[in-house]
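Each chain, letter by letter, is given below.
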Amino acid sequence: MKARVTVTLKTGVLDPQGKAIEGALKSLGVEGITSVRQGKVFDIEVETQDKSRAEAILKQAGEKLLANTVVENFRVEVL
Amino acid sequence: MHAAVILFPGSNREGDVARALRLGGAKVSMAWHADSELPKGTDLAVLPGGFSYGDYLRCGAIAARAPIMDAVRAHAARGGLVLGICNGFQILCESGLLPGILTRNAGLKFLCHMQHLKVGRTDTPFTKLYRRDQVIEVAIAHGEGNYTADAETLKRLEGEDRVAFRYCDAAGDINEAANVNGSLNHIAGIYSEKLNVLGMMPHPENLVEAMMGGTDGLPMFKGLAA
Numbered sequence: 109m110k111a112r113v114t115v116t117l118k119t120g121v122l123d124p125q126g127k128a129i130e131g132a133l134k135s136l137g138v139e140g141i142t143s144v145r146q147g148k149v150f151d152i153e154v155e156t157q158d159k160s161r162a163e164a165i166l167k168q169a170g171e172k173l174l175a176n177t178v179v180e181n182f183r184v185e186v187l
Numbered sequence: 062m063h064a065a066v067i068l069f070p071g072s073n074r075e076g077d078v079a080r081a082l083r084l085g086g087a088k089v090s091m092a093w094h095a096d097s098e099l100p101k102g103t104d105l106a107v108l109p110g111g112f113s114y115g116d117y118l119r120c121g122a123i124a125a126r127a128p129i130m131d132a133v134r135a136h137a138a139r140g141g142l143v144l145g146i147c148n149g150f151q152i153l154c155e156s157g158l159l160p161g162i163l164t165r166n167a168g169l170k171f172l173c174h175m176q177h178l179k180v181g182r183t184d185t186p187f188t189k190l191y192r193r194d195q196v197i198e199v200a201i202a203h204g205e206g207n208y209t210a211d212a213e214t215l216k217r218l219e220g221e222d223r224v225a226f227r228y229c230d231a232a233g234d235i236n237e238a239a240n241v242n243g244s245l246n247h248i249a250g251i252y253s254e255k256l257n258v259l260g261m262m263p264h265p266e267n268l269v270e271a272m273m274g275g276t277d278g279l280p281m282f283k284g285l286a287a
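Heads up: the protein sequence lines correspond to chains H and A, in order. Under this note's numbering, the first residue of the first sequence carries the number 109, and numbering increases by one thereafter. Under this note's numbering, the first residue of the second sequence carries the number 62, and numbering increases by one thereafter.
One thing to keep in mind: the hints can contain errors.
Below 25 Å or equal to it, Euclidean Cα-Cα: the simulated BS3-like pairs (lysine-lysine) are [as the list claims (entries may be wrong)]:
#1 H:118 - A:88
#2 A:88 - A:283
#3 H:148 - H:167
#4 H:134 - A:170
#5 A:189 - H:118
#6 H:172 - H:134
#7 A:170 - H:148
#8 A:88 - H:127
#9 A:255 - A:189
#10 H:110 - H:148
Pairwise CB distance ranges (calculated) [unchecked claim]:
#11 H:158 - A:238: 30 to 38 Å
#12 H:142 - A:196: 41 to 49 Å
#13 H:133 - A:192: 46 to 54 Å
#14 H:131 - A:276: 18 to 26 Å
Just a sample of chain A residues kept apart from chain H, beta carbon distances all over 10 Å, derived [said to hold, decoys possible]:
#15 126
#16 186
#17 235
It is worth saying that the hints were derived from the structure and are not from the lab. All C-beta atoms in this analysis are idealised placements derived from N, C-alpha and C, irrespective of residue type, glycine included.
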């Protein structure tokens, strides 16, 4: 079964990469953007067909490796 | 003093730090990231600089989960000494041996230049040959050295006097301009609670002989071996 883990920076954590992207978008003339925060997306396939089992596995993956919870949050979606 | 320098795929400062350790008087052996034990008789485990696993995911994140890190954790828990420099500091933070995380430099640039640091406490095996508040000049070379931690962690680090080095100017002044990578409280290095684990972004191992342009890093390695 296909799933997705999305890692985002916690509110208040400085994101210089997001700022640089925001600046680049503005200089390209893409208007109406107030701010950009950069994150990461992991598309993961899991063996199980059981949704709650899959969520438990991905939660473990997020906590153990994919996110550093000092500065990041993560969200699990079973697709 | 028997030091074990741990080699991860992508480490590149292991030769430099091994040389500095030998100059200081230590016996040095190399350890491999996939080993489950440190060499017998290891007093000091050293995590060298470099780009372990190509900095994939987050700097140090994958190396921090390598088999040897369980042995390093056990070594530290027994009171054994651990030194992490640059990528080694990032690995120590990712492994939970030190609090916080090193994020992208505030100015986004990879910084590679000589840098002044102010020495913190000197009652540790790492800094006993320095003077408190001494200003030393060593090299920095990193893209992700911006030390970040939550307010509570920062308060604890300061309250327990666990900031080992801070970025400063040549006069020892801790001002905004000297905070090259945007680190909280100008933090360039921190100790663990028991002061036996030190992580730092700058490279003292690259300033240990006059021909390198300075010897301000040598007291660390002499002190460790003394």
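Here is how each hint holds up against the structure:
1. H:118 - A:88: violated, 44 Å
2. A:88 - A:283: holds, 12 Å
3. H:148 - H:167: Measuring from Cα to Cα gives roughly 15 Å; hence the hint holds.
4. H:134 - A:170: Satisfied, since the Cα-Cα distance of roughly 20 Å is no more than 25 Å.
5. A:189 - H:118: Distance ~38 Å between residue 189 of chain A and residue 118 of chain H Cα, so the pair is violated.
6. H:172 - H:134: Roughly 37 Å separates the two Cα atoms, so the pair is violated.
7. A:170 - H:148: This hinted pair holds, its Cα atoms lying about 21 Å apart.
8. A:88 - H:127: Given pair residue 88 of chain A, residue 127 of chain H is violated - Cα atoms ~47 Å apart, limit 25 Å.
9. A:255 - A:189: Holds, at roughly 15 Å.
10. H:110 - H:148: Status holds; Cα separation ~17 Å.
11. H:158 - A:238: 30 to 38 Å: violated, 56 Å
12. H:142 - A:196: 41 to 49 Å: Distance hint for residue 142 of chain H, residue 196 of chain A holds at roughly 43 Å.
13. H:133 - A:192: 46 to 54 Å: With Cβ atoms ~50 Å apart, the hint holds.
14. H:131 - A:276: 18 to 26 Å: violated, 42 Å
15. 126: Not fine: 7 Å to the nearest Cβ puts residue 126 of chain A too close to chain H.
16. 186: holds, 27 Å
17. 235: With a cut-off of 10 Å, residue 235 of chain A remains clear of chain H, as the shortest Cβ separation is near 19 Å.
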